[in-house]
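Heads up: the protein sequence lines correspond to chains G and B, in order. Position in the first sequence (from 1) plus 3 gives the number in this note's numbering. Position in the second sequence (from 1) plus 62 gives the number in this note's numbering.
Derived from the structure by calculation, the hints contain no laboratory data. Just so you know, these numbers come straight off a predicted model, no measurement behind them. Honestly, I wouldn't trust all of these hints.
[Said to hold, decoys possible] Counterexamples of contact, computed for chain B against chain G with all Cβ distances above 10 Å:
no.: 1; residue: Glu70
no.: 2; residue: Glu71
no.: 3; residue: Ser118
no.: 4; residue: Lys264
no.: 5; residue: Glu327
[To be verified] Straight line, CA to CA, 16 Å or less: simulated EDC-like cross-link-like pairs of lysine to aspartate or glutamate:
no.: 6; chain 1: B; residue 1: Lys181; chain 2: B; residue 2: Asp114
no.: 7; chain 1: B; residue 1: Lys154; chain 2: B; residue 2: Asp143
no.: 8; chain 1: G; residue 1: Lys277; chain 2: G; residue 2: Asp257
no.: 9; chain 1: B; residue 1: Lys297; chain 2: G; residue 2: Glu381
no.: 10; chain 1: B; residue 1: Lys90; chain 2: G; residue 2: Glu356
no.: 11; chain 1: G; residue 1: Lys506; chain 2: G; residue 2: Glu451
no.: 12; chain 1: B; residue 1: Lys297; chain 2: G; residue 2: Glu355
no.: 13; chain 1: B; residue 1: Lys181; chain 2: B; residue 2: Glu157
no.: 14; chain 1: G; residue 1: Lys597; chain 2: G; residue 2: Glu362
no.: 15; chain 1: G; residue 1: Lys477; chain 2: G; residue 2: Asp520
no.: 16; chain 1: G; residue 1: Lys439; chain 2: G; residue 2: Asp518
no.: 17; chain 1: B; residue 1: Lys160; chain 2: B; residue 2: Glu189
no.: 18; chain 1: G; residue 1: Lys597; chain 2: G; residue 2: Asp540
no.: 19; chain 1: G; residue 1: Lys84; chain 2: G; residue 2: Asp149
no.: 20; chain 1: B; residue 1: Lys297; chain 2: G; residue 2: Asp382
no.: 21; chain 1: G; residue 1: Lys84; chain 2: G; residue 2: Glu103
no.: 22; chain 1: B; residue 1: Lys69; chain 2: B; residue 2: Asp143
no.: 23; chain 1: B; residue 1: Lys291; chain 2: G; residue 2: Glu381
no.: 24; chain 1: G; residue 1: Lys482; chain 2: B; residue 2: Glu317
no.: 25; chain 1: B; residue 1: Lys295; chain 2: G; residue 2: Glu381
no.: 26; chain 1: G; residue 1: Lys482; chain 2: B; residue 2: Glu314
no.: 27; chain 1: G; residue 1: Lys244; chain 2: G; residue 2: Asp457
no.: 28; chain 1: G; residue 1: Lys46; chain 2: G; residue 2: Asp76
no.: 29; chain 1: G; residue 1: Lys343; chain 2: B; residue 2: Glu317
no.: 30; chain 1: B; residue 1: Lys291; chain 2: G; residue 2: Asp382
no.: 31; chain 1: G; residue 1: Lys477; chain 2: G; residue 2: Asp518
no.: 32; chain 1: B; residue 1: Lys181; chain 2: B; residue 2: Glu205
no.: 33; chain 1: B; residue 1: Lys199; chain 2: B; residue 2: Asp220
no.: 34; chain 1: B; residue 1: Lys264; chain 2: B; residue 2: Asp312
no.: 35; chain 1: G; residue 1: Lys325; chain 2: B; residue 2: Asp103
no.: 36; chain 1: G; residue 1: Lys244; chain 2: G; residue 2: Asp257
no.: 37; chain 1: B; residue 1: Lys291; chain 2: G; residue 2: Asp377
no.: 38; chain 1: B; residue 1: Lys90; chain 2: G; residue 2: Glu355
no.: 39; chain 1: B; residue 1: Lys154; chain 2: G; residue 2: Asp536
no.: 40; chain 1: B; residue 1: Lys295; chain 2: G; residue 2: Asp518
All C-beta atoms in this analysis are idealised placements derived from N, C-alpha and C, irrespective of residue type, glycine included.
Here is how the chains run, residue by residue.
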Amino acid sequence: MNAQDVKYLKFATYLNAYCPHCRKSFNVKTMDEDVLDFRGMYKGQEVMIKLSPYLDVFDKWSSIPLEDGIVLDDFICSYCKKSIVVGEPRCGICGSPVAEMIISAYAKLIPFFICLKKGCEWHGLTKADEHYIKLKIPRQDMPEQDHRIRIKNFQEVPHGLTSEQAQLEAGRCLQCRKPGCVDGCPVNVDIPNFIRLIREGRTVEAAIKIKERNILPSVCGRVCPQEDQCEKGCVLGKRDKPVAIGNLERYVADFERAMGSVDIPQVTECMDRKVAVVGSGPGGLTCAADLTRLGYEVTIFEAFHQSGGVLGYGIPQFRLPKEIMAKEIEYLKELGCQIKLNAVIGRLYTVEELLKDYEAVYLGVGAGLPKFLDIPGEDLNNVVSANEYLTRINLMRAYRFPDTDTPLPQGDRVAVIGGGNVAMDSARCALRTGAKKVTVIYRRTRGELPARKDEVVHAEDEGIEFMYLTNPVKFIGDKRNWVRGIECEKMQLGEPDASGRRKPVPAPGSNFVFDCDVVIVAVGTDANPLIFDTTPDLKRDKKGYIIVDPKTMETSKEFVYAGGDIVTGSATVIQAMGSGRLAAKAIHEKLSGKKKRT
Amino acid sequence: MNEIVRKEEMAKGSIYRFDVNAPEIARKILPGQFVILRVVDGGERIPLTVADKDPSRGTISIIFQVVGKTTALLRSLEVGDNIKDLAGPLGKESEIKKFGTVVVIGGGTGTAILHHITKALKGAGNELIGIVGARSKDILIMEKEMRALCDRLIITTDDGSHGMRGFVTDALKQVLDERKDIALVHAIGPIVMMKNVCRMTKEYGIRTMVSLNPIMIDGTGMCGGCRVKVDGKMKFCCCDGPEFDGHQVDFENLELRNSMYMKEERESLLQSITLERRK
Numbered sequence: 004m005n006a007q008d009v010k011y012l013k014f015a016t017y018l019n020a021y022c023p024h025c026r027k028s029f030n031v032k033t034m035d036e037d038v039l040d041f042r043g044m045y046k047g048q049e050v051m052i053k054l055s056p057y058l059d060v061f062d063k064w065s066s067i068p069l070e071d072g073i074v075l076d077d078f079i080c081s082y083c084k085k086s087i088v089v090g091e092p093r094c095g096i097c098g099s100p101v102a103e104m105i106i107s108a109y110a111k112l113i114p115f116f117i118c119l120k121k122g123c124e125w126h127g128l129t130k131a132d133e134h135y136i137k138l139k140i141p142r143q144d145m146p147e148q149d150h151r152i153r154i155k156n157f158q159e160v161p162h163g164l165t166s167e168q169a170q171l172e173a174g175r176c177l178q179c180r181k182p183g184c185v186d187g188c189p190v191n192v193d194i195p196n197f198i199r200l201i202r203e204g205r206t207v208e209a210a211i212k213i214k215e216r217n218i219l220p221s222v223c224g225r226v227c228p229q230e231d232q233c234e235k236g237c238v239l240g241k242r243d244k245p246v247a248i249g250n251l252e253r254y255v256a257d258f259e260r261a262m263g264s265v266d267i268p269q270v271t272e273c274m275d276r277k278v279a280v281v282g283s284g285p286g287g288l289t290c291a292a293d294l295t296r297l298g299y300e301v302t303i304f305e306a307f308h309q310s311g312g313v314l315g316y317g318i319p320q321f322r323l324p325k326e327i328m329a330k331e332i333e334y335l336k337e338l339g340c341q342i343k344l345n346a347v348i349g350r351l352y353t354v355e356e357l358l359k360d361y362e363a364v365y366l367g368v369g370a371g372l373p374k375f376l377d378i379p380g381e382d383l384n385n386v387v388s389a390n391e392y393l394t395r396i397n398l399m400r401a402y403r404f405p406d407t408d409t410p411l412p413q414g415d416r417v418a419v420i421g422g423g424n425v426a427m428d429s430a431r432c433a434l435r436t437g438a439k440k441v442t443v444i445y446r447r448t449r450g451e452l453p454a455r456k457d458e459v460v461h462a463e464d465e466g467i468e469f470m471y472l473t474n475p476v477k478f479i480g481d482k483r484n485w486v487r488g489i490e491c492e493k494m495q496l497g498e499p500d501a502s503g504r505r506k507p508v509p510a511p512g513s514n515f516v517f518d519c520d521v522v523i524v525a526v527g528t529d530a531n532p533l534i535f536d537t538t539p540d541l542k543r544d545k546k547g548y549i550i551v552d553p554k555t556m557e558t559s560k561e562f563v564y565a566g567g568d569i570v571t572g573s574a575t576v577i578q579a580m581g582s583g584r585l586a587a588k589a590i591h592e593k594l595s596g597k598k599k600r601t
Numbered sequence: 063m064n065e066i067v068r069k070e071e072m073a074k075g076s077i078y079r080f081d082v083n084a085p086e087i088a089r090k091i092l093p094g095q096f097v098i099l100r101v102v103d104g105g106e107r108i109p110l111t112v113a114d115k116d117p118s119r120g121t122i123s124i125i126f127q128v129v130g131k132t133t134a135l136l137r138s139l140e141v142g143d144n145i146k147d148l149a150g151p152l153g154k155e156s157e158i159k160k161f162g163t164v165v166v167i168g169g170g171t172g173t174a175i176l177h178h179i180t181k182a183l184k185g186a187g188n189e190l191i192g193i194v195g196a197r198s199k200d201i202l203i204m205e206k207e208m209r210a211l212c213d214r215l216i217i218t219t220d221d222g223s224h225g226m227r228g229f230v231t232d233a234l235k236q237v238l239d240e241r242k243d244i245a246l247v248h249a250i251g252p253i254v255m256m257k258n259v260c261r262m263t264k265e266y267g268i269r270t271m272v273s274l275n276p277i278m279i280d281g282t283g284m285c286g287g288c289r290v291k292v293d294g295k296m297k298f299c300c301c302d303g304p305e306f307d308g309h310q311v312d313f314e315n316l317e318l319r320n321s322m323y324m325k326e327e328r329e330s331l332l333q334s335i336t337l338e339r340r341k
């Protein structure tokens with residue numbers, strides 16, 4: 004073990020330490036602190052030595068001032084008065100003698116060593132023991148708003164980790180040499196290192212570490228499906244729960260924001276070369292940030308009156324507070340990005356026209372065209388797409404109507420069709436805007452819900468009803484065109500389909516009518532054709548998504564790049580960010596090899 | 063951005079015309095296309111079809127009737143004020159070519175939209191017969207402008223206070239009986255007017271274009287709130303429209319859908335009036 008490694012080894016868990024001779028505990032509880040208490044000998048004088056029970060070996064202190072680097076003569080148990088210094092082993096760093104004690108961690112007794120040299124951090128634990136201790140620290144859950152209260156407000160549900168929890172959680176990380184978490188992250192955030200920085204109390208530096216790779220940490224910490232990405236690759240996950248990487252990311256980003264110590268990196272010299280980014284969603288923002296840092300003059304074109312794309316119009320306040328998003332976008336502006344609102348590309352400027360003024364164009368326009376079920380009665384009043392419902396609430400802030408001017412479909416019984424995150428968001432919004440009963444109708448079972456498990460649990464806790472294996476076949480309306488119910492059929496799971504999920508098939512004769520007065524259709528989105536109407540030479544696949552070279556994200560049209568949902572279909576925030584980053588790199592490579600256009 | 067450079071009261075207290083400085087939109091917008099605007103933070107996004115443009119001055123003209131809270135707010139703006147958000151052009155442009163003889167019909171503020179299209183049709187060398195209708199003389203707009211463009215212009219008012227007494231369909235019937243060479247009818251106005259025009263032209267077998275005004279939020283095809291039934295299929299008015307072949311449009315459905323937020327619209331307007339009084 005080298006000195007470099009030792010430095011990182013701070014344990015977060017509270018441990019009991021015992022004398023190897025009399026087996027009495029060194030742990031002492033006083034009014035205001037928990038310590039491990041010893042007698043030490045220094046130049047014939049007895050000194051009190053106290054150690055943090057978190058075995059935080061940096062915090063050795065004594066009753067008389069001792070300078071760093073001096074070596075104590077002896078360590079003595081306060082009870083049996085025997086010396087606990089041993090001849091073997093010697094300190095792995097400085098070679099000084101060491102004291103031995105026994106620590107009990109989760110019903111296992113482990114020898115633990117303390118170097119007699121003040122300031123030395125060696126502890127002599129084997130890697131296996133060290134992992135054993137860390138494994139046993141339980142994963143820290145974020146405190147949450149009580150479900151009985153939160154269904155009445157739009158405030159964020161989880162409160163975020165406390166600093167103690169963040170320390171504990173960061174202490175669980177094994178600092179793997181080949182970290183699976185980094186591979187699982189679409190933008191390859193240096194996860195072990197930012198966690199190490201948290202452990203060392205250097206939280207702001209941890210934030211800077213994340214921002215090297217990810218410009219939206221407080222967004223990603225909240226909305227990334229970590230369980231399928233970084234946390235899936237965590238080795239702890241094989242035997243226990245993985246490190247809560249997402250929660251730690253959120254903690255770091257929130258801490259940095261609260262400190263107001265946002266660091267604006269120096270942009271490399273301005274190159275006077277212009278790039279246009281279409282769409283200010285997560286992919287566009289990442290692409291723009293990367294290019295700006297490289298010295299390009301970037302202009303983002305946003306169709307709406309608010310930037311952020313799906314982060315603004317799609318994800319509700321209680322999952323991603325809008326102030327947080329605004330702050331992250333502010334950061335981008337400070338970097339030097341221009342954002343042009345209310346600019347609908349495809350109409351105000353065509354892609355061709357952009358190429359006249361800009362050397363490259365990145366299309367991160369999202370897949371914003373809501374799918375409908377194409378069943379009778381879909382044109383009834385109060386049958387709305389989830390996109391419309393969420394846009395009214397998030398972008399237009401209809402939950403504050405009539406203080407704001409955009410109304411919301413109102414009803415006591417709301418049915419949400421679909422089982423993804425958007426369906427969960429819609430259902431939970433409906434509950435918060437006064438619906439008495441909200442039911443999610445999904446044609447498969449709970450196991451196949453594509454939504455994040457956390458969000459499903461939140462929805463269930465809040466009292467949202469789930470109707471599985473149910474498929475709507477017809478919306479039923481009244482004379483004035485208002486929806487009054489849904490005719491549904493029950494489904495059975497059949498053979499697995501192309502996606503590997505068992506395909507639901509209708510059970511004959513099982514039709515029934517479900518009463519409701521608002522229906523929210525959340526069955527996904529398609530490619531929005533707006534930009535293609537005026538750019539017919541962009542090659543697209545059968546579903547209408549843009550075809551790109553997966554290595555460079557360049558489209559069939561030279562100098563035009565694309566990424567995010569408009570290439571992949573509905574996916575995650577971080578995946579869009581990954582492709583934005585890839586495109587930024589490719590644009591830089593392409594433009595550096597080319598003379599500036601005049 | 064979006065500064066109002068001219069304000070004209072076209073009908074007392076109810077219909078206004080703004081010339082707005084928006085050079086990028088003015089450069090690009092075509093007849094039949096619309097813009098979406100938002101007056102204040104927390105305000106609604108409302109679509110307005112553009113009545114005219116002047117690319118050399120960099121302005122577009124919007125004409126609106128005060129019907130609710132947002133249009134009332136818009137009315138309160140003066141020359142020199144800025145419209146908070148203005149996005150466009152949106153929607154597809156009208157088909158403009160030489161058809162031959164075209165009847166253009168405008169009802170109420172629909173005449174404003176019609177004006178932009180008429181101007182283009184005139185430019186393409188069509189013979190134009192205009193029919194402009196309103197409830198009464200004091201809310202009749204753009205008579206002068208339309209007269210300058212049309213080879214023949216018929217004015218109708220419901221109460222007979224100006225021009226012919228009756229509906230635009232009465233005038234249309236006369237025209238259709240007189241002239242057998244009508245190639246196209248363009249009708250823009252209240253839903254019930256467009257519905258009746260289409261019913262009549264269907265009998266005569268004359269292609270009729272209408273411009274629809276469903277409830278809309280984003281105007282870019284993202285929400286699907288503006289879906290209309292055309293030829294039995296669902297269309298997004300903001301992307302596929304706003305103009306459709308009137309003979310295929312399900313007007314009843316549009317009328318019912320447009321009533322969706324009537325209660326809320328009243329509530330919103332009422333609240334704004336109460337707030338204003340309190341001031």
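Okay, the hints, checked on the actual structure:
Against the 10 Å criterion, B:Glu70 stays outside the reach of chain G, whose nearest CB is about 25 Å from its own CB. The Cβ of B:Glu71 lies farther than 10 Å from every Cβ of chain G, with a closest approach of about 24 Å, so its non-interface assignment holds. No Cβ of chain G comes within 10 Å of the Cβ of B:Ser118; the nearest lies about 19 Å off, and the non-interface call holds. Remark: the non-interface label on B:Lys264 is consistent with the geometry, its nearest Cβ contact in chain G lying 22 Å away (cut-off 10 Å).
Residue-level check failed: B:Glu327 sits 7 Å from the nearest beta carbon of chain G, not beyond 10 Å. Restraint check for B:Lys181 and B:Asp114: the C-alpha separation of about 9 Å stays at or below 16 Å, so the hint holds. Between B:Lys154 and B:Asp143 the alpha-carbon distance is near 29 Å, which puts this suggested pair outside the 16 Å criterion. With a C-alpha separation of about 33 Å, the suggested pair G:Lys277 and G:Asp257 falls outside the 16 Å cut-off, and the hint is violated.
With a C-alpha separation of about 12 Å, the suggested pairing of B:Lys297 with G:Glu381 holds against the 16 Å cut-off. Under the criterion of a C-alpha separation no larger than 16 Å, the hint pairing B:Lys90 with G:Glu356 is consistent with the structure, at around 12 Å. With a C-alpha separation of about 10 Å, the suggested pair G:Lys506 and G:Glu451 falls inside the 16 Å cut-off, and the hint holds. Taking the CA atoms of B:Lys297 and G:Glu355, the gap is near 27 Å; set against the 16 Å cutoff, the hint is violated.
Restraint check for B:Lys181 and B:Glu157: the C-alpha separation of about 13 Å stays at or below 16 Å, so the hint holds. Under the criterion of a C-alpha separation no larger than 16 Å, the hint pairing G:Lys597 with G:Glu362 is consistent with the structure, at around 10 Å. A distance of roughly 14 Å separates the Cα atoms of G:Lys477 and G:Asp520; the hinted pair therefore holds under the 16 Å criterion. Under the criterion of a C-alpha separation no larger than 16 Å, the hint pairing G:Lys439 with G:Asp518 is consistent with the structure, at around 13 Å.
Taking the CA atoms of B:Lys160 and B:Glu189, the gap is about 9 Å. The hint holds against a cut of 16 Å. Of the pairs offered as hints, the one joining G:Lys597 and G:Asp540 is violated, with about 23 Å between alpha carbons and a cut-off of 16 Å exceeded. For the hint linking G:Lys84 to G:Asp149, the alpha-carbon distance of about 52 Å lies beyond 16 Å, and the restraint is violated. A C-alpha spacing of about 11 Å is found between B:Lys297 and G:Asp382, which places the hinted pair at or below 16 Å, so the restraint holds.
Only pairs whose Cα atoms come within 16 Å are accepted, and G:Lys84 paired with G:Glu103 is accepted, the gap being roughly 14 Å. Distance check on the hinted pair: B:Lys69 and B:Asp143 sit about 11 Å apart at the alpha-carbon level, within 16 Å; holds. For the proposed pair B:Lys291 and G:Glu381, the alpha carbon gap of about 10 Å is at most 16 Å, so the pair holds. The hinted pair formed by G:Lys482 and B:Glu317 meets the criterion: a straight-line CA distance of about 13 Å does not exceed 16 Å.
For a cut-off of 16 Å, the pair hint linking B:Lys295 to G:Glu381 stands: about 11 Å separates their Cα positions. Proposed proximity of G:Lys482 and B:Glu314 is supported: the alpha carbons are some 12 Å apart, at most 16 Å. Our distance criterion of 16 Å between C-alpha atoms is met by G:Lys244 and G:Asp457, whose separation comes to about 14 Å. A threshold of 16 Å between alpha carbons decides the hint, and for G:Lys46 with G:Asp76 the separation of about 7 Å falls inside it, so the pair holds.
A hinted pair counts as satisfied when its Cα atoms are at most 16 Å apart, and G:Lys343 with B:Glu317 does not qualify at roughly 36 Å. A hinted pair counts as satisfied when its Cα atoms are at most 16 Å apart, and B:Lys291 with G:Asp382 qualifies at roughly 8 Å. For the proposed pair G:Lys477 and G:Asp518, the alpha carbon gap of about 12 Å is at most 16 Å, so the pair holds. With a C-alpha separation of about 14 Å, the suggested pairing of B:Lys181 with B:Glu205 holds against the 16 Å cut-off.
Taking the CA atoms of B:Lys199 and B:Asp220, the gap is near 9 Å; set against the 16 Å cutoff, the hint holds. A C-alpha spacing of about 14 Å is found between B:Lys264 and B:Asp312, which places the hinted pair at or below 16 Å, so the restraint holds. Proximity of G:Lys325 to B:Asp103 is assessed by CA-CA distance (about 15 Å); at most 16 Å being required, the pair is judged to hold. The straight-line distance between the Cα atoms of G:Lys244 and G:Asp257 is roughly 24 Å, outside the 16 Å bound, and the hint therefore fails.
A C-alpha spacing of about 12 Å is found between B:Lys291 and G:Asp377, which places the hinted pair at or below 16 Å, so the restraint holds. For the proposed pair B:Lys90 and G:Glu355, the alpha carbon gap of about 14 Å is at most 16 Å, so the pair holds. Between B:Lys154 and G:Asp536 the alpha-carbon distance is near 10 Å, which keeps this suggested pair within the 16 Å criterion. For a cut-off of 16 Å, the pair hint linking B:Lys295 to G:Asp518 is broken: about 26 Å separates their Cα positions.
Checked against the numbered hints given earlier, this structure breaks hints 5, 7, 8, 12, 18, 19, 29, 36, 40; the rest are met.
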